[in-house]
Each structure stands twice: as C-alpha cells, then as structure tokens.
Amino acid sequence: MIDPRTSVIKKRFSKVKRVIAVTGWKGGIGKSVTASMLSLILAQKGKACGLLDLDFTGASDCIILGAKDIFPEEKNGIVPPEINGIKFMSIYFFSDGKAVPLRGNNITDAIIEMLAITQWGKLDYLIIDMPPGINDTALDVVRLIDRTEILALTIPSIIAKDVLERSLELYKRLKVPIVGIIKNNLVHSKGMGLEGIPYDDKLETALGCPDKLLKTKFAISLEKIISGLLK
Amino acid sequence: MHEWALADSVITSAVDYAKKEKLKKISLVNIAFGELQNVDKEIFLFAIEELIKTSNKVISSSKFKISDELAKFKCKVCSTEFTIKQVKKTEEEAEYIHFIPEMAHTYLKCPKCKSPDFDIIAGRGVLIKSIKGDK
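If you're matching them up, the sequences are chains A and B in order.
Our numbering applies: residue 1 is where the first sequence begins, and numbers increase by one.
Our numbering applies: residue 1 is where the second sequence begins, and numbers increase by one.
Isolated chain B, as found in the complex:
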C-alpha cells in the first residue's frame, strides 16, 4: 500500500527530528492529512504500528494524532478560491491524485474560468504539524 511509504516517511522524519533536537523519547507526533491526497487513515495507522516495531526506540511509545486539513485552491487566472467539493472528478482520477496530488492540475479545473492553472493553497498531502518529546 502507498500509505506504508508515507507512514515510513513520517517515522523517519520524526526520528531525524528527535536526533537533531536531542530528544530521548518522542511522546506525540501531530500529523495533518490533506483532503486532496485522501490518505486512508486506518491503513496509515496500521502501517505506523507495524513500522515502529523495527524503528529507532526513540519513537516506540509515541502517540500519533491525525487531523484533517480541507483542500483549498486559488485560481491563478481569475483569483477564484474553491474547494474540492466544487470540482468534479471520477473515481479513477481521484486514485491518480491520491498517488501524486499534483495530478489535480490534470483533472481539476477552476469552477469559474475552467483553468487548470491554480495553486493548492491548503490540504495537499501528509505533513507533520508538531513533534513533542522529552529531552
């Protein structure tokens, strides 16, 4: 599953952060899931659970909190701001966007002027919002 690669990146990144900040133990990783990528929370958390078993001990007892971030777009041509609910996409197109969110520019367009030239201003993919731990 694609979610495993993303879970792997979150764990690796958090462990790197702990090394840099000299944390002895990570207690909480706050993650944001962008609506556009539509990552499966259940698979992601299962992957996290499995992957931390073989990861650096600094993260072995950490909790993982996921919050959803709504996707927002801004058209570069007419400046209209829009959400994912205002644009149409097929199931297959949504799957392609799930793999690479930038495919939104191939399949989505501004609801007002129909341009594919827009910025993804929020809710693109997986981000770490914060990492808490003990020094």
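Chain A with its partners taken away, still in its complex shape:
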C-alpha cells in the first residue's frame, strides 16, 4: 500500500518562499497571538502571506483574527479563504466549534491531508501556528516541509527557559534553522538578552479585530523585532 498524499506536498509548497513555524514549548505563552499578528504585519507590509493553524486541539487563530464566518473554496483541492490579506487555513473550519480529540497517528494523518489538499499558490511567507512542545506536529512539519524555519517564543520563567534550551538543542540536532527567539510578556525592560514583547493589557480587547490588533503595543514591538529577524 502506498499513501499517495505525501508525494504532492512538495508541489503544494513549490511557490512558497519561506515557511516559519511559530513555536514554543509551554502552553499559553502567546504562540497563536504571535503567529496571527506576524501574519497581519507581513500582509500589511504587502507580503503575500499564509497562516496555517496546526494547533488542532487548541485552534484559536480564527478567534484572534475574527475569521469565524469564512470557509475554504473547493478548486483543485481547497483554497484558503482570505482575511485581512492573509490566506488562512485551520481545522476550525471543519470542526463546527467542537473539540477535535486526536491521538498521534490521527494528528499525522490530518496534517498530511491538509498539506496535500491545500492550494497556497504564491506566498512570500507561510506562518505556521504550532502546538506547544516537540511532538507529533513538530516532527511532522520538520519531516514534511523541508524548508521549515523556527521562530521560538518563550516567557520570563525559569521553567520556560529550561525547556527552551532543551528544545533548541533538539532542533539544532534536526538541522532546523532558528530564525529567532522572542520573549513574550516582559514586565521588565530587560529581556535576558532576547528580543522582547512587553506585557500588553489592551491586547485582550483587540482580539477578533485585525485593525485594532495592528495598533496594539504587542504589534508594534513584534514589528520591530521581526524587521530585524526576517531579513
């Protein structure tokens, strides 16, 4: 038996210049907000940008972008709908607001299916919102998309720092390039040598409104950071 789907994944990414996986190794540290905001900023700068939410159990980019009433179009596969100039794909479109309880093999199969049938077309950047940790999704993305680069997110915590160091070591071993490490939720101006985003108490009220999101302190800080990282 041959699974034919993996053979076309390379073709689906043939016109995608860069693939940036926004990842972090703890839950709730701002990966989805960072991935969504990064996509909004790049689209605003005129870049052709896609956003793929692979955090199946906690898919939330739809909520962040206010993209609940859109659905992919069927055309030689599925074409991601656009929101604020971003081509956006998420399992949320198919789950009808319900939980998606998937085990390891199911996660791999769902990722392969999405990568095989999604027609991204020409993109300068595809941003992938990853679930926390180095798990099935992380290993599958690295295995299936050969150009994946990592943008790592962490928070000011000894626990997060320790996990970050172990995970970075593993990515180095897997020969996956690290674009940068961003420290989120800084309450002090010093970020232990890392690029930092200060805590933004207005962020919550901007969720669901891309125009408001782009005006937050979070967006302004992230824009400064990525202009240095994504050259």
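Just so you know, these hints were derived from the structure itself, not from any lab.
Hints should not be assumed to be uniformly reliable.
[As the list claims (entries may be wrong)] Under the rule of at most 27 angstroms between Cα atoms (straight-line distance), these lysine-lysine pairs were calculated in the DSSO-like manner:
hint: 1; chain 1: B; residue 1: K22; chain 2: A; residue 2: K11
hint: 2; chain 1: A; residue 1: K68; chain 2: B; residue 2: K109
hint: 3; chain 1: A; residue 1: K98; chain 2: B; residue 2: K88
hint: 4; chain 1: A; residue 1: K75; chain 2: B; residue 2: K53
hint: 5; chain 1: A; residue 1: K75; chain 2: B; residue 2: K112
hint: 6; chain 1: B; residue 1: K74; chain 2: A; residue 2: K98
hint: 7; chain 1: B; residue 1: K63; chain 2: A; residue 2: K75
hint: 8; chain 1: A; residue 1: K10; chain 2: B; residue 2: K22
hint: 9; chain 1: B; residue 1: K65; chain 2: A; residue 2: K11
hint: 10; chain 1: B; residue 1: K24; chain 2: A; residue 2: K11
hint: 11; chain 1: A; residue 1: K98; chain 2: B; residue 2: K85
hint: 12; chain 1: A; residue 1: K98; chain 2: B; residue 2: K109
hint: 13; chain 1: B; residue 1: K25; chain 2: B; residue 2: K132
hint: 14; chain 1: B; residue 1: K41; chain 2: A; residue 2: K10
hint: 15; chain 1: A; residue 1: K98; chain 2: B; residue 2: K112
hint: 16; chain 1: A; residue 1: K175; chain 2: A; residue 2: K26
hint: 17; chain 1: B; residue 1: K20; chain 2: A; residue 2: K10
hint: 18; chain 1: A; residue 1: K98; chain 2: B; residue 2: K89
With chain A held as given, fit chain B onto it using these hints.
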C-alpha cells in the same frame, strides 16, 4: 474540487514509483477508496483523465482501477468494533469528514460506550494498492 488534489497525489506518487522502480510504462494503478472519506469516483476519474494529459508520459496510457474499502473502527475504551452504518452523522458532518477524515473523531462516537476515542482500522481514505508496469 477536492478530488482533484487527491487525483494529483495518486498520479505524482505513481510517477515517483515508476522512477524508483525504473518502469518505462505504467499499465495499471490499483486504488482503494476508503468509505469514510467518501470520495466521488466520477469526479476523481475525470480529474485523473485531465491531469495525465500534462503529466509524465510514463503514466499516459495507464488504466486506473478503483475498489471500495469499507470503513471499520475499533473503540480504544471498550474494544467494540463498528462500521460507519452503526454511527449517525449529518450531511454537513459527512462533508467535513470528506475533507479531513480525522474529523470522524469530532462527529462520530462508539455506538456502545459513546467514546470518540477509537481507531480507524480500515477504509480511511485514498490509497494506492499496487502499480503495474513494464521495465
């Protein structure tokens, strides 16, 4: 249509196989359609017909045989084995499962213990069973 992407994957995969096995010509591709994904055979075959016109010549005269594979599930909680006929789903839910068969875990549950924690043990989606050709 979503079937086009799957047809594209079958052709690409068969051509890759031919290169690997040094086949000069593919004569037959045996495909299994899993009941769960419910792929439209007519659209799929039409897509194949159109796509091979612009594909590698190694596959241009190949025949494509499709056989159906019944979907079977096994509950991880109570070990009950069940079929798709034993579970209920709406038309919309079936459409979502058609796009991504793993959505079965969102919409289907074990008929005995109602758990969504089951294995899809057969009939998930599109698979190539065998490829025949001349060296």
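Task: Unsatisfied constraints (hint numbers, rising) - done: 5
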